[in-house]
Amino acid sequence: MLTLIAEILVALLIVIGSTFALIGSFGLIKLPDLATRLHGPTKATTLGVGAVLIASMIYFTVLEGDFSFHELVITLFLFLTAPLTANFIAKAYLHRHIRHDDLPSTNREEGWATYDPPGEEGPLAPTQNPVTEPPARTPAGGA
Amino acid sequence: MIDLALLYGFIALALALLCTAWRLSFGPTMADRILALDTMVIDTLALIVLYGIHHGRSVLFEAAILIAMVGFISTVAYCRFILRGDVIE
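Chains as they are written, first to last, in the numbering used here: chain H, 1 to 143; chain P, 144 to 232.
Just so you know, the hints here were simulated from the structure itself, not pulled from any lab data.
Computed from a predicted model, the values in this text were never measured in an experiment.
There may be inaccurate statements among the hints.
What the hints assert, rightly or not - Partial list, computed: chain P residues near chain H (C-beta under 8 Å):
1) Leu-158
2) His-198
3) Ala-211
4) Phe-215
What the hints assert, rightly or not - Derived coverage of chain P by chain H (criterion: at least 3 residues anywhere in the stretch with Cβ under 8 Å from a Cβ of chain H; other residues may be distant):
5) 174–180
6) 183–193
Said to hold, decoys possible - Across the chosen pairs, the derived CB separations fall in these ranges:
7) H:Ser-105 with P:His-197: 51 to 61 Å
8) H:Leu-12 with P:Val-202: 41 to 51 Å
9) H:Ala-113 with P:Tyr-151: 16 to 26 Å
10) P:Asp-146 with H:Ala-113: 45 to 55 Å
11) H:Phe-69 with P:Phe-224: 19 to 29 Å
12) P:Ile-210 with H:Phe-67: 15 to 25 Å
13) P:Ile-210 with H:Pro-32: 44 to 54 Å
14) H:Phe-69 with P:Leu-147: 24 to 34 Å
15) P:Met-144 with H:Phe-67: 17 to 27 Å
16) H:Pro-32 with P:Leu-150: 27 to 37 Å
17) P:Leu-209 with H:Ser-105: 35 to 45 Å
18) H:Asp-101 with P:Met-144: 51 to 61 Å
19) H:Ile-8 with P:Phe-153: 16 to 26 Å
No residue lacks a Cβ here, since even glycine has one placed at the ideal position from N, Cα and C.
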């Protein structure tokens with residue numbers, strides 16, 4: 001009985017996980033630009049891989065009889081690193097392809113933190129996008 | 144039942160890998176290609192785990208852990224290279 005329940009659970013988790021991974025990767029094709037494309041892999045695919053890993057943990061624990069933490073370690077690692085990679089890719093995209101003037105104001109004293117020069121910390125780092133000025137939008141062609 | 148689910152999972156992940164390969168080939172910006180590579184690593188990870196279930200071998204998880212770490216580090220290194228022009232300052 002326990003074996004049957006475990007089999008059903010494992011099969012269900014594998015199907016759910018691989019479907020989510022497929023949806024996340026399909027979003028990579030379907031969505032229009034990088035800022036939206038980041039959503040697919042970072043959320044759907046990570047969830048899918050997590051489901052597959054939990055399925056494998058249940059399979060090896062119940063049906064094969066050897067319990068291991070490896071899958072939990074991988075799941076934890078993926079869930080910790082997915083936001084980091086998304087943040088880094090978004091930063092790289094901002095620096096390479098978006099002009100600083102096109103970004104909306106942060107409505108705070110500081111500008112966008114990713115444009116601060118490296119090594120300067122604290123609330124009084126030089127700002128290039130202050131709140132007191134009107135939204136800094138220049139016409140196309142302006143620097 | 145698990146065999147059927149595994150078959151479905153293999154097919155779905157192969158299609159997912161094709162999607163990422165498309166984005167990797169035609170991605171207009173460099174960030175798109177990095178994102179496609181990162182997704183490809185995650186899909187490959189799922190494929191390896193499914194392969195381990197298929198063969199009933201838990202040895203393959205060492206490979207899965209290694210691929211997860213190498214994928215993360217290479218993504219971060221590539222992004223830092225674009226951001227700063229240098230990987231380790």
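Hints, verified against the model:
1. Leu-158: holds (6 Å)
2. His-198: Constraint on P:His-198 not satisfied, violated at 11 Å.
3. Ala-211: holds (6 Å)
4. Phe-215: holds (4 Å)
5. 174–180: holds (count 5)
6. 183–193: Answer holds; 6 residues pass the 8 Å Cβ test.
7. H:Ser-105 with P:His-197: 51 to 61 Å: holds (53 Å)
8. H:Leu-12 with P:Val-202: 41 to 51 Å: violated (25 Å)
9. H:Ala-113 with P:Tyr-151: 16 to 26 Å: Given range 16 to 26 Å: violated, Cβ gap about 44 Å.
10. P:Asp-146 with H:Ala-113: 45 to 55 Å: holds (51 Å)
11. H:Phe-69 with P:Phe-224: 19 to 29 Å: violated (34 Å)
12. P:Ile-210 with H:Phe-67: 15 to 25 Å: At roughly 23 Å between Cβ atoms, H:Phe-67 and P:Ile-210 fall inside 15 to 25 Å, so the hint holds.
13. P:Ile-210 with H:Pro-32: 44 to 54 Å: violated (30 Å)
14. H:Phe-69 with P:Leu-147: 24 to 34 Å: Given about 28 Å between the Cβ atoms, the range holds.
15. P:Met-144 with H:Phe-67: 17 to 27 Å: holds (22 Å)
16. H:Pro-32 with P:Leu-150: 27 to 37 Å: Cβ of H:Pro-32 to Cβ of P:Leu-150: about 33 Å, so the range 27 to 37 Å holds.
17. P:Leu-209 with H:Ser-105: 35 to 45 Å: holds (44 Å)
18. H:Asp-101 with P:Met-144: 51 to 61 Å: About 58 Å separates the Cβ atoms of H:Asp-101 and P:Met-144, which means 51 to 61 Å holds.
19. H:Ile-8 with P:Phe-153: 16 to 26 Å: Holds - the Cβ-Cβ distance for H:Ile-8 and P:Phe-153, about 19 Å, lies within 16 to 26 Å.
Hints 2, 8, 9, 11, 13 from the earlier list are contradicted by this structure; the remaining hints agree with it.
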